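*Asks:* Here is what each chain is made of, one letter per residue.
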Amino acid sequence: MSNSKPALSSSLGRKLIMSLTGIFLCTFLVVHLIGNMQLFKDDAGYAFNNYAYFMTHFTPIKVVSYLLYASIIIHAIYALVLSLKNKAARPIGYEKYDGQSNSKWNSRNMGILGTIILVFLVTHLQNFWWKYHNDQVPYIEYRTDLATGATAAREIQAADFNDFQTTIENNVEIVKARDLYKQVDFAFQNIGLVILYVIAMAALAFHLIHGFKSAFQTLGLSHKKYVPIIEFLGVWVFGVIIPVLFALMPLYFYFVK
Amino acid sequence: MLDSKVPAGPLAEKWSKHKFDMKLVNPANKRKFTIIVVGTGLAGASAAASLAELGYNVKTFCYQDSPRRAHSIAAQGGINAAKSYQNDGDSVYRLFYDTIKGGDYRAREANVYRLAEVSVNIIDQCVAQGVPFAREYGGLLDNRSFGGAQVSRTFYARGQTGQQLLLGAYSALNRQIQKGKVTSYTRHEMLDLVKIDGHARGIITRDLITGKIESHEGHAVLLCTGGYGNVFFLSTNAMGCNVTAAWRAHKRGAFFANPCYTQIHPTCIPVTGDHQSKLTLMSESLRNDGRVWVPKTKELSAKLRKGELKPSDIQEADRDYFLERKYPSFGNLVPRDVASRNAKEMVDDGRGVGKTGVAVFLDFAESIGRLGKDTVAAKYGNLFDMYYQITDENPYEQPMRIYPAVHYTMGGIWVDYNLMTTVPGLYALGECNFSDHGANRLGASALMQGLSDGYFVIPYTVGDYLAKLGSFEAIDKTNPAFEQTRKEVEGKVNTLLALNGTKTVDDIHKELGKIMWEYCGMARTAEGLTTAKGLIKELKNEFWTNAKVLGENEELNMSLEKAGRVADFIELGELMVDDALGRAESCGGHFRLESQTEEGEAKRDDENFTFVSAWEFKGENQEETLHKEDLIFENVKLTQRSYK
Amino acid sequence: MAQHMNLTLKIWRQKNDKTKGQFVTIQANDIADDMSFLEMLDVVNEELTRKGEDPVYFDHDCREGICGMCSLVINGRPHGPKYGITTCQLHMRSFHDGQTIVIEPWRAAAFPVLKDLAVDRTAFDRIQQAGGYVNVNTGGVPDANEIAIPKRVADEAFESATCIGCGACVAACKNASAMLFVSAKISQFALLPQGQTERYERAQAMVDQMDTEGFGNCTNTGACEAECPKGIKLSNIARMNREYFTAKFFREEDVHVH
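Protein chains in written order, with my numbering: chain B, 962 to 1218; chain X, 14 to 657; chain S, 234 to 491.
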């Protein structure tokens, strides 16, 4: 038997990379969702803005976030490379191809679904991540009376703002923060963006219904006992609950707030 | 005189002694020899792999796109071996005896004994290769009784034993291809044998893709090309199975033995019309629980054929369970030939069923009632599904229709004990030779013979021949014999391509098949065979004057491929008829109407026919010469079969 | 009585691997529903031959669903509209009078068209040659019953071994991936005790050869499993991945070094 190629440049190795980055992105989704659930709190964004600050300034999280960016890029690049290789594996297509009879639509169109998600990601990052990191969001000050627990919030100007700041004066906690919450509220008044988000979450749903279980199949984890659990998680958690909750956020701001 | 070269000495010691007596080729010299293997079924693949392992250079040839597709793959039932794992009284001697008896005492004792002897090694070999044989819960190999045997000695891999064994041999072959010891030529067809100084020294092939006519040289040539059942057009063989390689070798001096011995399998799915291209076999295990019947009267049969009556409308009293009636002790489990012949009798009597009237019923209603549908489904579910798929009739609800079909050819190239033909250096293995099955083959023995010849016989006997050559010189490819033979083949191809008549090659092949089936099939008469001889002569003339062959040589040309094969089948048909005419006895798989007992059963004539007929080609359009190899039985007593 | 039908066949015709092909429309009239699909093509070919036209070349041999030689993508499905059978087991009763049937060869870079509907599948042989065997010579092997193999394991190995190498998995896969085929052989030997010695070397060698041949990558759509005439399961691919990754990451002694 001949000398073997390095693992990661083989077809199976590339699949492995898709699988591992995909699973990592799935775990990120869970964390991201839990954090973003604070958007539904009626506290003028107090919890959400706190959370946003924590996520962008806590060192271990920052490390993980670079891993995340890398995962997104690698997942997309490998998807492109694999798609091109797959295209090359069938230079002449079929005149008639009845894929519906042997496989699910989403499993055959992960590239399209992934592209929609990628377009969404660019918009999403530009709207929030970029603006947040480049000082393009409004600022807010929360004053909480520590005796009563009552909080009052007011917009402040750039001149009043000194990064994130928590002080206690006269038994009143004063928190000054970047108001990402406001930015969210502002962005989601745009019906076009809301529609894009909903479509993207639908794409995410179908992408993950196939992708989640597919990642485990690629890892070689296939067993009568836990395949049903993986399939259940893939469909209900990653295919329904997560995308639906994410999709509710823009809808909530557009219709409710 | 034909010399079978059977070694002297007691039966059980012949092979051991012979192995010792044979000369060996020094390991360093083996690589100086090249061996050509034609055909990559069980015999060919196992031989090629084993010889390459020993150090010989091997070239393999097959007409399919891969060695794995040879028709050995289609064998369903199993493979016999005298392992005696079941402690039920089996032994090498018993397997030998059953095989000799099953062949109706028309096989060579020494060959059959050796077959039984090495059968045990075959199973070891296959298991070591990773062949997934059926196992019992304890993890040991499972056996079943097959084809009416009284012991359970058949190893099997569900209904795909042939496939699994072939894939095992194919994997061994692949290993040697990877090592560079075997060069595999696929989509190549052997069209002639090259002889130098009387010895086989190469072959001429046609590359089926490019049409290139090539010569290949070797120190020995092994024909492992299977049987010639497609001479009947309809058979259970694959569409591509043909006699061409064997026939062209025959024309170069290899005697053809017992060509008229063909095996007809009783449980096949009947023909539906002229468009039928092949016949599908269903395991004869179906007869364990199915009951064979036809209506008692022609009138009822006619109504069934027209669809005026359904099978279930026929009352018990109006049914003729003819096998149970005629053979009360064996009933539906009579041997293949008896079951087949009786079905034909019923059809000839006008009592056949189905649209065409050329079928009998195999009814499971009684066993479904007795065992329950689930039990029957567990045993035969896959066969029932296959039947349903092909016929669109549900065998759980209405009886199956079955009819016999040509399945295996016991005749073939004559070989001696070493499997060498009458051409030195030319060998024939597996179904291609005549040697081990006599006039009728026992169930689950075909796979055994192919692998026995390839794995355990030929590696020894070829060595003996090569060692005695006294030279390690490479074959001289510039020898004019190569060029001359190649030119002759080209000439023949061009003659075929020039045919531009009105009949397609298939038209003529179908006609040949009808003649062979009608007159040289299960039941034969001197009169019928004489008629057949005239008909084939006419057909041969028709072929060479009125066939239509299209296209050119330099392409994938199925019209040309078929034409060459049919031309050879026609000539083989003539020889089969001659052979059948000469053998005026009922024996094995065939029934000679002139030779029957008072009860109408087959009557073998040991006094006059205990011999192998080996035919020598004398030239185009000339009668072949018959040579007889007398069969000497020193160990078994010849008895008449009876199934009453 | 057999029903008869008239059909319009749209068949891929291509002279050889060097020329371009195109679809040709051929009428097939008076086709009996109890014919097999290949018998229908026989009838068409006989007619073409009588007219002096080149018959349509297609691969076929045993015509009982076991040799793996027949192919054909029929109306967008490898081996036609039914599940669990090969083209030679398909009958015309699955079609209806007046229907148009599109017949194409397997499409994959690794399976170049030889003529019309026949493709070159020797890539499969080369993958098997790379490691689809146990390294034993003839003779000198232990008794067949020396190693007991649990029935369930033997049965599972058989399920994998039942692959007929037809290539429908490649034809069905949108990526023309051969992973079902390759994984079936790797699985058979990974399961059996006889295959253990070169277990990890085999997985690497066969995957390498598969990649060299230019097959696509698996995206786990399951089309191969659905169209496989022998029901080879997707779990084989998972097993192949396990074998391969185990070899590469955890079996230093079995990894080849350049």
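Honestly, the hints are just simulated from the structure, not real lab data.
Some hints could be false.
[Said to hold, decoys possible] The calculated lysine-lysine pairs, modelled on DSS-like cross-linking and capped at a C-alpha distance of 25 Å, are:
(1) S:LYS466 x X:LYS561
(2) X:LYS309 x X:LYS264
(3) X:LYS192 x B:LYS966
(4) S:LYS248 x X:LYS561
[Claimed, not checked] Computed Cβ-Cβ distance ranges for the label pairs, DEER-style:
(5) S:PRO314 x X:LYS490: 31 to 39 Å
(6) S:PRO345 x B:ILE1160: 39 to 47 Å
(7) X:GLU629 x B:SER1062: 25 to 33 Å
(8) X:GLU227 x B:PRO967: 37 to 45 Å
(9) X:GLU227 x S:LYS251: 50 to 58 Å
(10) B:LYS1048 x S:GLU486: 35 to 43 Å
(11) B:SER1062 x S:THR258: 35 to 43 Å
(12) X:GLU629 x S:GLU280: 37 to 45 Å
(13) B:TRP1197 x X:THR369: 56 to 64 Å
(14) S:LYS251 x X:ALA539: 38 to 46 Å
(15) X:LEU153 x S:LYS251: 50 to 58 Å
(16) S:ASP250 x X:GLY286: 34 to 42 Å
(17) S:GLY373 x X:ALA511: 53 to 61 Å
(18) X:ASN39 x S:GLU286: 46 to 54 Å
Note that this is a predicted model, so its numbers are computed, not measured.
All C-beta atoms in this analysis are idealised placements derived from N, C-alpha and C, irrespective of residue type, glycine included.
*Asks:* It remains to establish, for every hint, whether it holds in the given structure.
*Replies:* Now the hints, each set against the structure:
For the suggested pair LYS466 (chain S) and LYS561 (chain X), the alpha carbons sit about 46 Å apart, so the restraint of at most 25 Å is broken. In summary, the hint linking LYS309 (chain X) to LYS264 (chain X) is not supported, as the alpha carbons are separated by about 50 Å, beyond the 25 Å threshold. As the CA atoms of LYS192 (chain X) and LYS966 (chain B) are separated by approximately 20 Å, the hinted pair is consistent with the 25 Å bound. This hinted pair checks out: LYS248 (chain S) and LYS561 (chain X) have alpha carbons roughly 20 Å apart, not beyond 25 Å.
Separation of PRO314 (chain S) from LYS490 (chain X) is about 52 Å and departs from the stated range, judged on CB atoms against 31 to 39 Å. For PRO345 (chain S) and ILE1160 (chain B), the hinted distance range of 39 to 47 Å is satisfied, since their beta carbons lie about 41 Å from each other. The beta-carbon spacing between GLU629 (chain X) and SER1062 (chain B), approximately 58 Å, falls outside the hinted interval of 25 to 33 Å. Our hint of 37 to 45 Å for GLU227 (chain X) and PRO967 (chain B) holds, since their Cβ atoms are close to 41 Å apart.
At roughly 20 Å, the beta carbons of GLU227 (chain X) and LYS251 (chain S) sit outside the given window of 50 to 58 Å. Between LYS1048 (chain B) and GLU486 (chain S) the Cβ separation comes to about 38 Å, which falls inside the hinted range of 35 to 43 Å. Taken as a hint, the range 35 to 43 Å is violated for the pair SER1062 (chain B) and THR258 (chain S), whose Cβ atoms sit roughly 24 Å apart. As the Cβ distance of GLU629 (chain X) to GLU280 (chain S) is approximately 42 Å, the hint placing it in 37 to 45 Å holds.
Against the hinted window of 56 to 64 Å, the Cβ-Cβ separation of TRP1197 (chain B) and THR369 (chain X) comes to about 58 Å, which satisfies the hint. One distance hint, 38 to 46 Å for the beta-carbon pair LYS251 (chain S) and ALA539 (chain X), is violated here, with the actual separation near 57 Å. Separated by about 55 Å at the C-beta atoms, LEU153 (chain X) and LYS251 (chain S) satisfy the suggested range of 50 to 58 Å. Between ASP250 (chain S) and GLY286 (chain X), the C-beta spacing of about 36 Å keeps the proposed range 34 to 42 Å intact.
Evaluation of the 53 to 61 Å hint for GLY373 (chain S) and ALA511 (chain X) yields a pass: the beta carbon distance comes to about 55 Å. Taking the beta carbon of each, ASN39 (chain X) and GLU286 (chain S) are about 58 Å apart, not inside 46 to 54 Å as hinted.
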